[in-house]
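Asker: Sequence:
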Amino acid sequence: MERRGPAEVATMLELARYDGRRRFKGSVYLSIGIALLAALVVWIFPSFRDAMDMDELLAAYPEPVLQVMGIRTMATLEGFLAVELYVFGWIILLGLYLAYSTAGVIADDVDRGRMDVLLSLPISRARVVGEKFAAMAVPIILVNVLTPIVVYVGAPLIDESISGADLLAVHLFSIPYLFACAAIGLLASVVFDRASIAQRVALGVTFALFLVESLLEGTDYEALGAIAPMRYFDPNEILIESTYDIGDAAVLVGMVLVLLLASQFWFRRRDIS
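With the first letter of the sequence shown counted as 1, position 219 gets the number 219 in full-length UniProt numbering; the numbers rise by one all the way through.
Derived from the structure by calculation, the hints contain no laboratory data. Remember, predicted model here, so these are calculated numbers, not experimental data. A virtual CB, placed ideally from N, CA and C, is assigned to each residue, including glycine. Keep in mind that a hint or two might mislead.
[Said to hold, decoys possible] Here are the in silico distance ranges between beta carbons for each label pair:
| # | residue 1 | residue 2 | range |
| --- | --- | --- | --- |
| 1 | Arg21 | Gly113 | 19 to 27 Å |
| 2 | Phe265 | Val145 | 17 to 25 Å |
| 3 | Ile32 | Ser196 | 22 to 30 Å |
| 4 | Leu40 | Arg112 | 32 to 40 Å |
| 5 | Ile44 | Glu217 | 25 to 33 Å |
| 6 | Glu217 | Arg22 | 35 to 43 Å |
| 7 | Tyr221 | Ala39 | 26 to 34 Å |
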């Protein structure tokens, strides 16, 4: 495919489309990998269910372990998926991946000297930040397209059923959560000049927020977890209880906007050397 220079990506939203196209192939591979993980989780559920009493097994686990992993029950397919796929795969793995990946969108160009060329064009710094962040919609959307199909088709193959509405809801509600994790990486990307440092900071902050929310729940310091995106996306509530909280999604959207605006504000005022 013909490579485009910076001058050709300076038209409205072309920078976002350019970055989005660059991310498309990797995002397809990511979505296939996550879909395979989903297929594996569905496939092994009957073996776990039939081999042991899952709720009795969980009763033997220390409470902190159950809190960190967000485990309520693993005796049903919905509970098993909530823990093995959505807490582990979505909240932890994808959250960390998107924070790490987004942490390089600005810092890498600064680190390699490409940002000076881009900013010499008639394009504002705020727009550069906004459009590079918008390109992260490619992996976020693609990963939420294939997996629910695999889960919904796979459930009857093991003589189980799952609510299509709940499955759709858990993926729709995960989108603002994943954008919030990406926004953490974006802020790190504009604060630090070195991509490697920005990525490590984004990983550390995102995982620390996960631990804060998980370990402080039910304690006197529970309020500190309000800053963690993980508080506002609970796969257990959606899949097990069929409970959808629009307010939580709104909080996540608010987090994304605050972090995006903060990133644009910081980048407009920093020196690119």
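Asker: Compare the structure with each hint and give your call.
Answerer: Hint check results:
At roughly 23 Å, the beta carbons of Arg21 and Gly113 sit within the given window of 19 to 27 Å. Take Phe265 and Val145: their Cβ atoms lie about 33 Å apart, and the range 17 to 25 Å is violated. For Ile32 and Ser196, the hinted distance range of 22 to 30 Å is satisfied, since their beta carbons lie about 27 Å from each other. Between Leu40 and Arg112 the CB atoms are about 38 Å apart, so this pair conforms to the stated range of 32 to 40 Å.
About 28 Å separates the C-beta atoms of Ile44 and Glu217, a value consistent with the hinted range of 25 to 33 Å. For Glu217 paired with Arg22, a C-beta distance near 39 Å keeps the hint of 35 to 43 Å intact. A hinted range of 26 to 34 Å is violated for the C-beta pair Tyr221 and Ala39, which are about 39 Å apart.
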